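Please model the complete structure; the sequences and the hints are all you need to start from.
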Amino acid sequence: MSSSSHTFDVLVVGAGPAGIAAACSAAEGGARVALLDNNPRIGGQIWRGQSQSHAANPDARKWFEKFAAAHIEFLPSTEVIDHLENGHVVVHRIDGQRVGAQSIDELPEEVHELAYKKLILCTGARELFLPFPGWTLPNVMGAGGLQALVKSGLLVSGKKVVVAGSGPLLLAVAAHLREHGADVRLVAEQAPWPRVARFAMSLLLQKTKLAQAFEIKRQLSGVPYKTNCWPVRANGNGENAKLESVTLRSGSRTWQERCDYLACGFHLVPNTELAALLRCELRAGFVRVDDSQQTSVRDVFCAGEPTSIGGVDLAIVEGQIAGYAAVGQSASAAKLLPQKRRLDRFAVLLRETFALREELRSAVDSETIVCRCEDVKFGRVRQHSSWRAAKLHTRCGMGPCQGRICGPATQFFFGWKADSVRPPVFAASMQSLAVAVAVQTEEHLMSHEESR
Amino acid sequence: MPETIHVTVNGACIAVPSGATALAAILSTGASAVRRSVSGGPRGPLCGMGVCFECRATVNRRRYARTCQILCSPGMDISTDVSDEPPDYV
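For the record, the sequence lines run as chains X and B.
Each residue of the first sequence is one higher than the last, beginning at 800 in the numbering used here.
Each residue of the second sequence is one higher than the last, beginning at 7 in the numbering used here.
Each hint should be verified, as a subset may be incorrect.
Claimed, not checked - Only some residues are given here: those of chain X computed to face chain B with a beta carbon under 8 Å:
#1 N838
#2 P839
#3 I893
#4 G895
#5 R925
#6 T935
#7 P937
#8 A947
#9 L948
#10 G952
#11 R1171
#12 E1173
#13 D1174
#14 C1200
#15 R1203
#16 A1226
If you're looking for bench data, these hints aren't it; they were derived computationally from the structure.
Given the structure is predicted, the values throughout are model-derived calculations rather than measurements.
Ideal Cβ positions, reconstructed from N, Cα and C, are used throughout, including at glycine.
Printed below as a string of structure tokens:
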């Protein structure tokens, strides 16, 4: 496996808004730029399902057009599984196809090594899932999770849906589901009304967000939006454990709401696993960056949600700054800094508004599964004093998702910190790993030869 | 109108609109569970974005495929009824 022919000036990981902006900005001056994503198309989660040529969302349309006009090599359905020394990463295709873009057409393996001069991590965020009895029943899924499924072909017309959890995503999801014919019974937001009201007021001061908010309000007319309200149990019935209802609580009141789907997510957690593998410094769970989005590791930049949960506008500006900074256009990067600082305030507001309430810790009981991969129950996890001890003794977090779902949940319940990240950073086949090992061994031997 | 393509889910041929994921094809058969957990419980998709692995199934004989991230292609063979033992994956 040769490596020299696949060297990029800038390699961008993640093709959401931050990644697209980073790649386009870096490519403006003629640098050789590659963008990879584990999705088959660009857009990330927020622009998933937007037409690549005629996107309805104006931001998506603008950036898709820029992307199409730029010389950027896109590697679809591709994921980084390991990092090697001296600016190399090992990637694999998640669908068994060959790794490839326009100029990389002769790669025989589904696993390959790519070399970069600068690396920009735009790995986005995932939903926070908090366990409660019944949360493992089929048809209980993430809020963004159900939306993503609808965007990729699931029909929800006429289905009763309860949307619950926390964050502005709940309303966007509810509006989207309704547009696709779902009967949205209720949107349950755990945050208290005064905080949500303050958040709404601040949106009224931002023209672009205001238009979005009114559009969502129009789509949601007649759907109750209840604050101070959260799910405590999902109720199923029969051999197939068919979801029938969700038990909700608001203050001291508890009641059941019938539903075919429960779309439930408690806002977002950053995807920092790759940054951690690269040994980038994290602060309070986020990747620490300077004013040019440079991480603590040389030649590695980070933009978007891994640095703070601040919405799409902030992600785009951070992506642009990282892209310009990575190719040495520091003046262009610096020009965007005031804009970034303004948008940073929105990140603070989001965090304050949708902070999770204590009561969410009490819905779980000792029989509730915490680790869905290994079926480890809360009663067993609770007996341990750290994430590491729980992993060793119960296999919690040892399944294919590698603790991406139960890790943040145990952090919420017990204040545990995730331990160091080891490759493969995504579950990979033995064949992929064998190739990665071969690459490392070869490198080791070569560096040995050079030193002789 | 989107173009229709045909795939096989657990041996049955079904039609899906082009652009649908393998997961959408599985769910379009009326199933809500995609796999059985290690203790036998039915499980369906959770995250919809390739993180949780709850939607994993065998696609074109490739096991542990995250069906929410894989687009259907003509003739794709998807099966959900295999054992969950992961001998060749870590």
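Hint-by-hint comparison with the structure:
1. N838: holds, 6 Å
2. P839: This interface hint holds because 5 Å falls under the 8 Å limit.
3. I893: With a minimum Cβ separation of about 6 Å from chain B (threshold 8 Å), the hint on I893/X holds.
4. G895: holds, 5 Å
5. R925: holds, 5 Å
6. T935: holds, 6 Å
7. P937: holds, 3 Å
8. A947: holds, 3 Å
9. L948: Check passed: Cβ of L948/X comes within 5 Å of chain B, closer than 8 Å.
10. G952: Status holds, d = 3 Å.
11. R1171: holds, 6 Å
12. E1173: holds, 6 Å
13. D1174: Hint on D1174/X: holds, closest Cβ of chain B at ~4 Å, below 8 Å.
14. C1200: This interface hint holds because 5 Å falls under the 8 Å limit.
15. R1203: holds, 5 Å
16. A1226: Holds, because the Cβ-Cβ distance from A1226/X to chain B comes to roughly 6 Å (cut-off 8 Å).
Of the numbered hints given earlier, the model fails none.
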